[in-house]
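Chemist: Hey, can you work out the whole structure from these sequences and the hints?
2 protein chains.
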Amino acid sequence: MSTVPGTTPEELESVLAAATRAAGPLGTLRPAERAGLLRAAADALDAAADELVPLAIEESSLPEGRLRGEVARSSGQLRLFAEVLEEGSFLEVILDSADAGAKPVPRPDLRRMLVPLGPVLVFAASNFPFAFSVPGGDTASALAAGSPVVIKAHPGHPKLSQRTGEVLVEALRAAGAPEGTFAVIHGMDVGTTALTDPRVKAAAFTGSVKGGRALLDIATTRAEPIPFYGELGSLNPVFVTPAAVAARGDGIADGYVGSFTLGTGQFCTKPGLLFLPEGHGLEERIAAAVRGTAPAGMLNDRIREGHAHERDRLEGLGPVRTLVHGADSDAGVAPTLLATTAKELLADPDALLQECFGPTSIIVEYAGQDEVLAAAEAFGGNLTATIHAEDGDAATLPPLLDVLRERTGRLVYNGWPTGVAVAWAMHHGGPHPATTASVHTSVGATAVRRFLRPVCYQDTPQALLPEALQDGNPLGLPRRIDGVLTPA
Amino acid sequence: MSTVPGTTPEELESVLAAATRAAGPLGTLRPAERAGLLRAAADALDAAADELVPLAIEESSLPEGRLRGEVARSSGQLRLFAEVLEEGSFLEVILDSADAGAKPVPRPDLRRMLVPLGPVLVFAASNFPFAFSVPGGDTASALAAGSPVVIKAHPGHPKLSQRTGEVLVEALRAAGAPEGTFAVIHGMDVGTTALTDPRVKAAAFTGSVKGGRALLDIATTRAEPIPFYGELGSLNPVFVTPAAVAARGDGIADGYVGSFTLGTGQFCTKPGLLFLPEGHGLEERIAAAVRGTAPAGMLNDRIREGHAHERDRLEGLGPVRTLVHGADSDAGVAPTLLATTAKELLADPDALLQECFGPTSIIVEYAGQDEVLAAAEAFGGNLTATIHAEDGDAATLPPLLDVLRERTGRLVYNGWPTGVAVAWAMHHGGPHPATTASVHTSVGATAVRRFLRPVCYQDTPQALLPEALQDGNPLGLPRRIDGVLTPA
Chain L
89 MSTVPGTTPE
99 ELESVLAAAT
109 RAAGPLGTLR
119 PAERAGLLRA
129 AADALDAAAD
139 ELVPLAIEES
149 SLPEGRLRGE
159 VARSSGQLRL
169 FAEVLEEGSF
179 LEVILDSADA
189 GAKPVPRPDL
199 RRMLVPLGPV
209 LVFAASNFPF
219 AFSVPGGDTA
229 SALAAGSPVV
239 IKAHPGHPKL
249 SQRTGEVLVE
259 ALRAAGAPEG
269 TFAVIHGMDV
279 GTTALTDPRV
289 KAAAFTGSVK
299 GGRALLDIAT
309 TRAEPIPFYG
319 ELGSLNPVFV
329 TPAAVAARGD
339 GIADGYVGSF
349 TLGTGQFCTK
359 PGLLFLPEGH
369 GLEERIAAAV
379 RGTAPAGMLN
389 DRIREGHAHE
399 RDRLEGLGPV
409 RTLVHGADSD
419 AGVAPTLLAT
429 TAKELLADPD
439 ALLQECFGPT
449 SIIVEYAGQD
459 EVLAAAEAFG
469 GNLTATIHAE
479 DGDAATLPPL
489 LDVLRERTGR
499 LVYNGWPTGV
509 AVAWAMHHGG
519 PHPATTASVH
529 TSVGATAVRR
539 FLRPVCYQDT
549 PQALLPEALQ
559 DGNPLGLPRR
569 IDGVLTPA
Chain H
89 MSTVPGTTPE
99 ELESVLAAAT
109 RAAGPLGTLR
119 PAERAGLLRA
129 AADALDAAAD
139 ELVPLAIEES
149 SLPEGRLRGE
159 VARSSGQLRL
169 FAEVLEEGSF
179 LEVILDSADA
189 GAKPVPRPDL
199 RRMLVPLGPV
209 LVFAASNFPF
219 AFSVPGGDTA
229 SALAAGSPVV
239 IKAHPGHPKL
249 SQRTGEVLVE
259 ALRAAGAPEG
269 TFAVIHGMDV
279 GTTALTDPRV
289 KAAAFTGSVK
299 GGRALLDIAT
309 TRAEPIPFYG
319 ELGSLNPVFV
329 TPAAVAARGD
339 GIADGYVGSF
349 TLGTGQFCTK
359 PGLLFLPEGH
369 GLEERIAAAV
379 RGTAPAGMLN
389 DRIREGHAHE
399 RDRLEGLGPV
409 RTLVHGADSD
419 AGVAPTLLAT
429 TAKELLADPD
439 ALLQECFGPT
449 SIIVEYAGQD
459 EVLAAAEAFG
469 GNLTATIHAE
479 DGDAATLPPL
489 LDVLRERTGR
499 LVYNGWPTGV
509 AVAWAMHHGG
519 PHPATTASVH
529 TSVGATAVRR
539 FLRPVCYQDT
549 PQALLPEALQ
559 DGNPLGLPRR
569 IDGVLTPA
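Protein sequence lines correspond, in order, to chains L and H. Residue 89 is where the first sequence starts when you use our numbering, and the numbers rise one by one after that. Residue 89 is where the second sequence starts when you use our numbering, and the numbers rise one by one after that.
Hints are not guaranteed to be accurate.
Because identical chains share one entry, a pair is satisfied inside a single copy or across any pair of copies.
[Stated by the list, open to error] The list that follows gives simulated cross-link-like pairs (lysine to aspartate or glutamate, DMTMM-like), each with its CA atoms no further than 25 Å apart: (1) K191 x D342; (2) K298 x D285; (3) K191 x E174; (4) K298 x E312; (5) K298 x E403; (6) K247 x D418; (7) K247 x E443; (8) K247 x E393; (9) K191 x E171; (10) K191 x D389; (11) K247 x E152.
Hints are computed from structural coordinates only; laboratory data are not their basis. In this text, all values refer to a predicted model and were calculated from it rather than measured experimentally.
Modeler: Given below as structure tokens:
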């Protein structure tokens with residue numbers, strides 16, 4: 089499918105060697121200097137939008153408005169990490185004074201900070217040609233950490249990936265980044281070869297459960313196992329209380345259809361199941377909204393076929409009713425609306441709780457709070473879970489929130505899970521199978537933590553300490569000193 | 089070898105079920121309430137020292153003074169985590185206000201914090217019957233995180249483990265901890281069964297490279313892979329400059345012997361290699377100090393045999409000279425001192441750079457700074473690396489520090505790596521094979537981070553938010569608000 093030649097073994101060798109050479113110089117730049125690199129990359133990406141967006145349209149079938157928004161999101165993300173670098177808390181500096189009288193043993197002078205892991209391999213996603221691809225969050229956070237990035241382009245948008253890579257490499261070079269700081273490679277075999285290379289010190293991935301699992305196994309069974317940050321699959325259930333249906337059922341119906349058909353359903357946060365109380369009376373309105381949603385192209389043939397296969401499997405299940413069957417045609421893929429009950433779901437959760445990546449979603453009718461709780465408990469890890477409720481529900485919601493929190497990264501209230509804000513507080517992650525590493529996030533300021541490890545200097549003279557750890561705080565960092573958090 | 093019966097499958101089921109039931113109540117206690125549990129455990133441990141230390145002596149062959157120090161270290165560690173809980177930064181609360189005008193899309197109200205992973209399985213170490221065993225750092229940090237702990241006792245000290253477990257269970261119960269917060273299990277098969285159980289959400293381990301690797305593979309290839317925090321092996325090289333030899337060679341010689349024979353060499357931070365400049369003239373003094381060190385018992389027969397095997401292998405290598413051969417006798421194991429050169433080490437690093445757990449260490453003579461750097465580059469991941477130098481060396485040390493930092497968790501200057509202070513800034517970790525997760529630490533205040541994952545609440549009403557995230561900051565936590573770090 090690719091129109092860009094695969095990376096040769098010789099080229100891969102050259103890329104990995106250069107990334108390894110770049111790791112030291114890039115990692116020891118001052119945070120504010122790396123912030124400059126990220127801003128230069130952001131500016132270059134924005135400046136190249138008129139050239140890159142048409143390539144993205146051609147290769148992804150996504151509309152121009154969405155893609156321009158994604159460019160802005162990606163450059164904004166690079167700029168957020170520049171702020172994170174300038175703020176400095178990400179280094180997690182902790183200083184403990186020597187204490188000769190400490191019990192049971194004297195304490196030396198200890199100074200801890202985080203340092204980059206080294207070259208990071210990123211596997212780009214299909215569904216965000218910018219924001220989870222070459223200039224995306226994994227790239228931005230790894231560069232912020234000070235780790236060179238080798239990005240394995242997604243075969244769905246090879247020309248865009250290649251050209252975006254050139255734009256970023258040129259911008260980084262012009263801004264003074266070490267040669268080898270960033271590179272794009274092509275080809276699945278090349279990606280797995282890189283993943284086994286001892287010079288690669290961490291990997292990040294956004295894609296399917298199956299693909300992510302295969303790469304996780306490679307990353308963790310290498311001679312030197314490395315962290316593998318995979319964002320895999322998510323069902324993103326939405327739970328609606330009777331009071332919410334009564335207060336604003338029509339709005340919920342419309343919001344649901346808008347969210348699950350957005351981007352032709354090709355979001356990892358697409359709501360896959362909508363739990364409604366028996367007698368909700370919204371079926372017709374939801375079905376009409378689905379019928380009224382125009383078909384649209386999917387990212388590529390493989391994803392279209394995968395969606396059709398899973399949609400048809402769900403439609404073929406005994407307990408599932410088809411409310412709207414969306415056909416695949418030359419005009420694209422029309423959305424599909426299915427229905428079942430919580431009782432049926434609980435009778436065979438494995439059959440129904442499978443991600444269908446694309447514009448298909450299921451309405452699930454429940455008979456009462458006990459069924460809602462039991463259904464929520466049937467879910468595995470998810471990126472998001474959503475509740476629609478009213479003030480009067482406050483007393484009954486905590487048990488549901490507890491169950492959902494245990495298996496979810498982000499809890500949305502009276503909103504929709506699609507749309508992941510790039511912000512300090514965002515968490516985009518969750519227990520497996522949402523991710524392979526629930527302890528970390530792939531979006532938001534704290535994503536940088538994935539590519540850093542602690543180092544502690546003991547009794548080291550000032551002249552040999554990194555600036556971040558020196559007396560007098562020359563970098564103006566927030567630091568914890570003898571247990572006390574001390575802003576810059 | 090064990091004198092305590094293995095945990096039966098029925099008992100394990102009961103332990104895991106109780107831990108799972110305890111996870112919710114323990115995790116939602118206020119941090120200050122969990123601090124109270126940790127302090128109660130610390131007090132009970134101290135109070136039981138007179139009963140526990142004799143058991144530890146009987147099962148470990150370690151001397152009373154060392155073991156009493158270890159009890160104090162362990163209770164001190166529980167109290168440090170109580171402070172960490174009361175300080176509150178460990179929750180990493182981040183609040184972003186809603187911003188309807190944010191570009192490219194409006195930003196909702198986002199409130200992020202860390203929540204416990206759920207039940208944690210800890211594999212206790214042999215060499216610290218308290219501090220890396222039942223009441224050790226993994227236990228303390230997991231309980232601090234709010235995760236129930238199931239600890240697999242080390243077969244080297246089963247009676248001590250059983251009794252210490254009873255003391256802690258009773259103390260936690262009396263202080264109001266949920267039933268199931270803590271349990272001790274016995275038996276390797278029982279441990280691996282628990283590791284594959286879906287109710288276990290993370291595991292920690294301190295032990296050998298081989299054992300840790302086998303458990304890592306189990307933890308990461310489960311249907312739901314879980315974090316596995318293993319601390320495995322370390323060589324802990326020490327590099328001495330010519331100026332340091334000239335200024336205080338005798339002190340270095342004595343300090344080295346003291347450090348590598350401490351606790352009969354049974355520390356993960358034992359210095360395994362001492363790099364000295366050619367013509368250092370310290371060989372006789374070091375050898376004399378080694379000869380003057382009394383033999384001492386090792387932890388158990390398996391460890392004694394493992395040491396003898398690896399020591400004999402090293403002695404049998406062509407490029408290795410035996411300066412002092414320490415015999416195994418009824419009195420215990422006497423220390424062994426070997427010697428080689430950096431040139432020989434570089435000719436066959438794999439043969440020489442193997443951990444020999446016990447009182448054996450190697451002097452390595454180097455011919456100049458280039459050889460030191462090349463030798464440093466031959467090392468894999470280590471918990472520590474040490475430099476002995478003088479002020480005049482400052483200009484030549486940065487390249488060596490750079491090489492060492494890339495493969496080391498803690499850099500010690502003019503000291504010795506044995507003795508790991510329990511403090512806010514301590515880092516006890518490092519790249520593989522020192523650990524299986526270099527991004528985290530097993531000692532120090534930040535060890536709690538291993539057992540926590542982020543959750544983000546979006547647009548959630550105050551009444552449904554955890555206290556940590558509510559307006560008005562009812563728990564008095566340090567929080568980041570709209571990007572600004574705000575102390576309590």
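Chemist: Would you pick out the hints that fail for this structure and give their numbers low to high?
Modeler: The structure conflicts with hints 7, 10, although it agrees with all the remaining ones.
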